[in-house]
Amino acid sequence: MSLTARDLLHKLAKDTGIDYSILAKRVNSDIKKGKSFLDSIRIIASDKGLNPDRYLLDSRKIAIEVKAILQDDYSQTLMISAVLAQMVEARGKQHYPVPAFLAYLEILYSISENDFTIQSDPPEDIDGTTTRIIELTTSLVSLVCRWNDDGIVGIAKSCPDELRELAKAVYRKTRMLQNGLWTCISCGKIVMVSDTRALMCLECDGQFSDDSSLTTFHRERERVGYGRTERGDSIE
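In my numbering, the protein residues as written are 200 to 435.
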């Protein structure tokens, strides 16, 4: 079974003979009209005489894969987190969609500090792993959230129970952003978007500016990892 939307689209393109870019545009158009990603895929497959049940994505398996990658190497996770945070603020092709980043953070929050593996060797393929995380998380939010032309408009009916809290957090924080509010990825405080820098409130950004090393991400008294605080300290 495919784990990313891109892989599934490539499979459908190969099976139908439809050019990938044309297929992607049609699916995106369907999503903007309120149709789910998988419903669009299955309709196209059926129209081409293919078995729609062969084209599946399991959001639970995607979330498990993301969590496994993050747990596998703590140093690598710190580096990936820093890269993704920069990409959220980027424009154009380098932009990482905010909903996918929020899903990434929710999965990161769910990992206890003791569950991270400290590898003795430095990460070998940060770019490749980062790309994998981007594809997995964008696929995840396309499945667990309900979309239309305005973006996320709710929780998908097909969202499994174990991922509903993640989907709710992504929806709620995306709506907050649309209203000019942001949750600091360091302390969890809700602030105006205009009062943030590098996705953090100005107070946390000021603390980070004194020490740019990776150890800063998990050395603060309240912080237990990059973008993570103890659950009780987070403003939801």
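Rather than coming from a laboratory, the hints here were simulated on the basis of the structure.
Glycine included, every Cβ here is placed at the ideal spot set by N, Cα and C.
A couple of the hints might just be wrong.
[Said to hold, decoys possible] Pair by pair, the computed Cβ-Cβ distance ranges are:
no., residue 1, residue 2, range
1, Q406, T215, 23 to 31 Å
2, S357, G379, 27 to 35 Å
3, E323, M391, 35 to 43 Å
4, I317, R374, 20 to 28 Å
5, N347, D271, 32 to 40 Å
6, S311, D246, 14 to 22 Å
[What the hints assert, rightly or not] Each computed BS3-like pair below joins lysine-lysine, with the alpha-carbon atoms no more than 27 Å apart:
no., residue 1, residue 2
7, K356, K292
8, K232, K247
9, K266, K247
The hints, checked one at a time:
Take Q406 and T215: their Cβ atoms lie about 53 Å apart, and the range 23 to 31 Å is violated. Taking 27 to 35 Å as the suggested C-beta distance range, the pair S357 and G379 conforms, at roughly 31 Å. Here the CB-CB span from E323 to M391 is close to 40 Å, well matched to the stated 35 to 43 Å. Distance hint for I317 and R374: a CB-CB separation of about 37 Å, inconsistent with the stated range 20 to 28 Å.
Our hint of 32 to 40 Å for N347 and D271 holds, since their Cβ atoms are close to 36 Å apart. Checking the proposed 14 to 22 Å range against S311 and D246 shows it is violated: the Cβ atoms sit about 47 Å from each other. Between K356 and K292, the direct Cα distance comes to roughly 30 Å. Violation of the 27 Å bound is thereby established for this hinted pair. Restraint check for K232 and K247: satisfied, since their Cα atoms lie roughly 21 Å apart, inside the 27 Å limit.
The hinted pair formed by K266 and K247 fails the criterion: a straight-line CA distance of about 36 Å is larger than 27 Å.
Of the numbered hints given earlier, the model fails hints 1, 4, 6, 7, 9; all others are met.
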